[in-house]
Amino acid sequence: EAGVAQSPRYKIIEKRQSVAFWCNPISGHATLYWYQQILGQGPKLLIQFQNNGVVDDSQLPKDRFSAERLKGVDSTLKIQPAKLEDSAVYLCASSSFGQGGETQYFGPGTRLLVL
Amino acid sequence: DQQVKQNSPSLSVQEGRISILNCDYTNSMFDYFLWYKKYPAEGPTFLISISSIKDKNEDGRFTVFLNKSAKHLSLHIVPSQPGDSAVYFCAASYTGRRALTFGSGTRLQVQP
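Order-wise, the sequence lines are chains A and B.
Numbered according to this note's numbering, the first sequence spans residues 928 to 1042.
Numbered according to this note's numbering, the second sequence spans residues 661 to 772.
Heads up, some of the hints might be wrong.
No more than 20 Å apart at the CA atoms, straight line, and that leaves these computed lysine to any residue pairs for SDA-like [to be verified]:
no., chain 1, residue 1, chain 2, residue 2
1, A, K938, A, G955
2, A, K971, B, R757
3, A, K971, B, K697
4, A, K971, B, A701
5, B, K714, B, P700
6, A, K971, B, P700
7, B, K697, A, G967
Heads up, incomplete: computed chain B residues facing chain A, CB under 7 Å, no partners named [claimed, not checked]:
no., residue
8, Y699
9, P700
10, E702
11, G703
12, P704
13, F706
14, G756
15, R758
16, F762
17, S764
Derived by calculation from the structure, the hints in this document are not laboratory data.
Since we're looking at a predicted model, the values are computed, not measured.
Cβ coordinates follow ideal geometry from the N, Cα and C atoms, glycine included.
This is chain B alone, in the form it adopts within the complex:
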């Protein structure tokens, strides 16, 4: 049972445009959501997070949106840069189980 799903294995965008990465979840107990970026041969790097009491969180070029009724979150990167090319993982946790449940990742390619 995959509780966190990233249905797009890959995404390609032009430099300067917006990248939108999507994530769906099924467990209504999740109350904290995170996005990680992963380069080859490195561990995941924390990018941005959002608590379930919010519907939006911004950090520079990165914004995460949470739609609790749809059990959906998205990561927006504006403007996209070639250095953003990586695999992005969506992850979730809840009070009582702080271990992360990850999606399968989306590979973002930003074309110069």
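Chain A with its partners taken away, still in its complex shape:
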């Protein structure tokens, strides 16, 4: 079974530029998450999708971040304009529900550096 795919793996941009990240979840996984991981910290949720609907975007900085999941499969996360503090790893995860709870499976992440 193929895992969660993400691209690009690395991106370097100047502040105030825009950037977009792409995620393809594990086949059949209805729930998709985007997390931000700043160096030295654990991942923090940005947005959660169930199929193509948003479940939780309470921690998404909506003035600059946007995300969509068209057709309930692939998803894109966009930052416009980027700030220095957006330098982080952006992780996409999809989930399946098993015994006792839900397990999330992560992609390799996109490492963003904003100069």
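Once you have looked at the hints, place chain B on chain A.
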């Protein structure tokens, strides 16, 4: 407010010995707990999980213990191997909010 805490940033053990990684949480609503392992430049890899209705779950060399009254869980790795060297994250979720809340991670170094 850090709801999931891993107070030890790093841990070093000898190959073949036991590694014990600890995690504390403050939100009593959490009912599902997971451990992830992360190598550099890779995403977190799921390791093992436990539901709040259990106090122990085993999978090969990995065992997770949950003490609900103390709001504490631990991951035991026996025997430890050099390939176990990685950053380990504790995470939690609850019915109604399945997004994960992560700790800050513990870097495990297993010395040959």
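Hint validation: B/R758 versus chain A, beta carbon distance must be below 7 Å. Holds or violated?
Hint on B/R758: holds, closest Cβ of chain A at ~5 Å, below 7 Å.
Restraint outcome when B/S764 is required to lie within 7 Å of chain A by C-beta distance
Nearest chain A Cβ about 5 Å off; hint holds.
Double-check B/G703 for me: the hint is only fine if its C-beta lies closer than 7 Å to a C-beta in chain A.
Given a least distance of 4 Å, the restraint on B/G703 holds.
A closest beta-carbon separation below 7 Å is what the hint needs, so does B/F762 meet it against chain A?
3 Å, holds
Can we keep the B/E702 interface hint, with Cβ of chain A closer than 7 Å?
6 Å, holds
Assess, step by step, whether the Cα of A/K971 is no farther than 20 Å from the Cα of B/R757, and give holds or violated.
With Cα atoms ~13 Å apart, A/K971 and B/R757 stay inside 20 Å; holds.
Report holds or violated for the interface hint on B/P700, using the least CB-CB distance to chain A and a cut-off of 7 Å.
Violated, because the Cβ-Cβ distance from B/P700 to chain A comes to roughly 11 Å (cut-off 7 Å).
Between A/K971 and B/K697, does the CA-CA distance stay at or below 20 Å?
16 Å, holds
Taking the closest Cβ pair, is B/F706 under 7 Å from chain A?
6 Å, holds
With a cut-off of 7 Å, does the beta carbon of B/Y699 approach a beta carbon of chain A closely enough for the hint to hold?
Violated, because the Cβ-Cβ distance from B/Y699 to chain A comes to roughly 10 Å (cut-off 7 Å).
20 Å limit on alpha-carbon distance, applied to hinted pair A/K971 and B/P700:
18 Å, holds
Does the alpha-carbon distance linking B/K714 and B/P700 stay inside the 20 Å limit?
Violated: B/K714 and B/P700 sit about 32 Å apart, past 20 Å.
Comparing the model with each earlier hint shows violations of hints 1, 5, 8, 9 and 14; every other hint is respected.
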